[in-house]
Each structure stands twice: as structure tokens, then as C-alpha cells.
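Here is how the chains run, residue by residue.
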Amino acid sequence: MTADGTPGAQLRRSPLDTRHRALGAKMSDFGGWEMPIEYAGGGVVREHTAVRTSVGLFDVSHLGKAVVRGPGAAAFLNSTLANDLERIGPGQAQYTLCCDPGGGVVDDLIAYLRSPAEVFLVPNAANTAEVVRRLAAAAPAGVEVRDQHEEYGVLAVQGPRSGLVLARLGLPHEHDYMSFVESDWQGQPLIVCRTGYTGEHGYELLPRWDATGALWDALRRVGEELAGTGELDAAGVVPCGLGARDTLRTEMGYPLHGQDLSLQISPVQARLGWAVGWGKPQFWGRQALIAERELGATRLLWALDAVDRAIPRAHMDVLDTSGRTVGVVTSGTFSPTLRRGIGLALLDRSVGEGDEVAVDVRGRPGRFRVVKPPLVRPSTRVG
Amino acid sequence: MEYPEDLKYTSEHEWVRAGEGGTVRVGITDYAQDALGDIVFATLPEVGAVLTAGEACGEVESTKSVSDVFAPVSGTVTARNDALDASPELLNSDPYGEGWMFEVALKDPADLDGLLGVADYRSQVEAG
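Protein chains in written order, with the working numbering: chain A, 1 to 383; chain B, 1 to 128.
No lab work stands behind these hints, which were simulated from the structure alone. You may find that some hints are simply not true.
[What the hints assert, rightly or not] Label pairs and their in silico Cβ distance ranges: (1) B/L112 <-> A/D100: 58 to 66 Å; (2) B/R122 <-> A/T18: 21 to 29 Å; (3) B/D108 <-> A/L338: 27 to 35 Å; (4) B/D120 <-> A/S350: 49 to 57 Å; (5) B/A56 <-> A/A234: 37 to 45 Å; (6) B/Q124 <-> A/D308: 47 to 55 Å; (7) B/D108 <-> A/E130: 53 to 61 Å.
[Claimed, not checked] Computed footprint of chain A on chain B, listed as stretches where at least three residues anywhere in the stretch have a Cβ under 8 Å from a Cβ of chain A: (8) 62-73; (9) 93-103.
Don't be surprised by glycine CBs; every beta carbon is placed ideally from N, CA and C.
Modelling step: build the complete structure from the supplied sequences, incorporating the hints.
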């Protein structure tokens, strides 16, 4: 057997780095940041299951943060980012895309609308600098675009019991999915968002960078207090790594930028037309995307559900029943919920829902059924 | 990490336990199971398969990645751990016990002399 896993040098570190190491986390490079993949005594399957059935706690402080502010900030973003910010009001969040003029995706991100003059952005770690650069270069006089990557930490509390945990800390928890509250905790500002990347009821908390450790400790302490009381099972609030975050999001069919979505994979191909404000007069990539939508995308992102005992992995070829290559796997893993291999794949338009395809798994064909994502029913809006 | 004293090891992280009548039992080490993470599928050679030392004869796959299992010795497979088909997590929870993989009737008992002792294996793993 062969094994690897060598963290590179000069990676950026989360404010919780020493806590992760103390918990025996396996650390790995994630978008230029050294982040926990899984914890000792946990593991991807156990951590994943905690989120689906109870509550898990993720450090996602590597995620980018940026603010766009000044008169007309929201209007400026609405003329650049793809989704229509006029669909939401202050206090609401929106999944949106930063596209290239060619229609490819520079990044997918969440926009938190504070007011017409201020929008907070959470892009992916590896793309933050580029998103900020593009916005800053295009911003009109009076609109400031500022990278706040290391001004806030991000903790994701995810799972059906997550609201209970926030309630114990006296934090707001009853707001709607895709909305946020600017709150405070122990005299420090804290943004509490009903967002996440798991498909469960959950929250993303943004404390100040230096206050992230104290909030993590407080959340873990609530877990210890409630463990085995009937409110939470014995595991309490389970620390979860980015390994479980990936299996959770893959079950939901949520695209990961750099794999299922990229400068080469447009929102039309990735089934993200719902995140494009088609009626808007202006946004980056508008002409190219409208043309692609009218012509029909040549390939489409589908979910794969294993018929055989096989796990698809990114970059593997997908073949039809006659052995012709019809696409490529963009994400693949083992689904802890379904107990079988699952994946996302970009497939030619000749392939449709319910078709059977073969994935070339290291020279052996593994059989998969083509299905519309999600593979597991989401519970984001529950409760 | 635990590496029992009475086993032989390979640099590909398999262990070999010498048994009676020229038969050995094979599995993966504590280091290997930990590096892989949660193992969800194990593919083992069938009974009767003829193995050549150093050649791939199986696979262990985790949520994250897949690794080949290499035959540590040459010979014929006399048993496989069928329990791993339904419970591959035994490779994580008990790699030297219930998580054993297969047994081989040695073609040449001298194969064992070419394997690593525990001290050598441990220093190799610890050197990274």
C-alpha cells in the first residue's frame, strides 16, 4: 500500500490552528491554507454522520471576506456579479457568481446585503484576492472594495441540533435560511448567518479573527454540557474537518469551485442558471452566458449514483453503454449517508436522467445511474 | 501508532505474520489505516490466486483516496477475510486482528528474510 499526505510549507493558518493540532487533526493544504481534514477519534464518516443527525462544528476561517461599501455599492455589485441583488433585501444573503467576460466562473460566493451602500462578501479562500482585484478595478469613485480575509474567522455550526446550540449561547437562531443578523457576543461583534455548505439546518458565525478561539471554545463547552442529556447525544458538538464538508456538499450536489465550476465550466453547464439575473441589463459574462443558454450548453453537470461497488474520482472518464466517452467526473467520493459511491460529472447532452453510464475506475468500468442532484434530500429550510 | 514486535513489514505498509506450515497472514499497518482515513471498500485477492511479491493484489479505498495493496511475498492465497466485504472499517479499528486481509502459502520461505523487522519499519515511518 502507498500513502501520502504532505502539507506544504508557507501555508496560511487559521486562528484555531493550535486547537486543531491539540485535537489531533490531520492538516492539509486547502486553497493555500493549512486546515483540518479530519480529527483524531472522528474521521470523515463519523463527522459527516454527526452533521446529518445531530450537530457538527467546522472551522472555515480560510474562507475569504471582503466588504464593498460606499454610495451605490449594491448597485455596483449588481452590475458585475451574476445573481440579481434586487431579489433580496437588507439582512438577506444570496449565492452569486463572479464571472469572466467569457462566461467562465472566477468564483462562486455569498453576498450579504447590509444596505444599498454596503455588501459583505464571502468568496472561496483561493479566489478572494482575484475577486477583490476585479471588483476594485471596476469600482466607481466613492465605492471601496476591501479585502478583510484575516479580520474575521468563520465557524460553521451545522446539523439539526445547531439551533439549540446557538440558543444556549444566547445567539440569534430563529432567522430564515439565507438571512443574517449582526449580533454581538461577549461585547464583540458577531455576524450570525443561516447559511452553510452541508444541506442541513445550520449557521455560519463570523466573529472577529482574534475572538474566533473563544467562540470555538464556548461552542465546544455547550456540547460538553449538553452531551448525553437528551438534548444532544454523547458526542456533543462534534469538531468536523473539511473531509466531511466535502462528502456533505457532494451529496447535495453543491459545486466546488475549481472542480465542478471554473473558468472552463460555466454556470449554464453547472445548472446554476438560477443564480444568474438573466433580466439584468449588465453583469460580467452576460453576453456569453445568454448566447450559451440560447444555443444550449454542450454539456451539463449531473450527479452519479453507484450501481456497483465503485467510487468515482475527479478526472475519471465517463463512458456510455457503447463504450464511447461522454464526459468526465468532476467530484467523487463515498456517500456516508447512502453507503455507496457518488459523484458529479460533466456529461454530453446525449446523456439524460436515468441513463446508465460507466466510469473508468482505474481501468475497470464501474456502473452508475445518472440522476439530477441532490443525491440526498436537503434540510436547509427545516426548522 | 502501534507496530507489534512479532510481525514483519514492507515499506508499502503491509504487515506479515508467520503462521504454521509455511503460511503467512497479511494486512495493512496502523500507519497505513491512519493515513487513508475511513476505509469504505477493500478488494482482496481470491482464494487460489497466485501472487508475486511486489505486485499489486488488492486495493483499499477510503472516503478520500485509494491505495494498492502489494503482495509482500510470493505464493498462493489460501484464505481471504470475507468479513471485510461488509465491514471494511475493521481495517481501521483492528488492523492487526480482525482487520487482517488474506493468507498466503509461501512459495519460498526465504521471502520472509527480505521483509523489514519492526525497528526498521518504525524508523522508516518516523523518518516520513
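Do the hints match the structure? See the list:
Distance hint check: the CB atoms of B/L112 and A/D100 are about 60 Å apart, consistent with the given range 58 to 66 Å. Judged by the Cβ atoms, the range 21 to 29 Å given for B/R122 and A/T18 holds: they are separated by roughly 28 Å. Between B/D108 and A/L338 the beta carbon distance is about 45 Å. The supplied range of 27 to 35 Å is therefore violated. Under the hint 49 to 57 Å, the C-beta atoms of B/D120 and A/S350, about 55 Å apart, fit the expected range.
The hinted window of 37 to 45 Å between B/A56 and A/A234 holds, with their beta carbons roughly 41 Å apart. About 36 Å separates the C-beta atoms of B/Q124 and A/D308, a value inconsistent with the hinted range of 47 to 55 Å. Taking 53 to 61 Å as the suggested C-beta distance range, the pair B/D108 and A/E130 conforms, at roughly 59 Å. Given as covered by chain A, the region 62-73 of chain B passes the check, having 8 residues with a CB less than 8 Å from a CB of that chain where 3 are the minimum.
Counting residues of the region 93-103 of chain B whose beta carbon lies closer than 8 Å to any beta carbon of chain A gives 0, which falls below the threshold of three, so the coverage claim is violated.
Hint compliance for this structure: hints 3, 6 and 9 are broken, all remaining hints hold.
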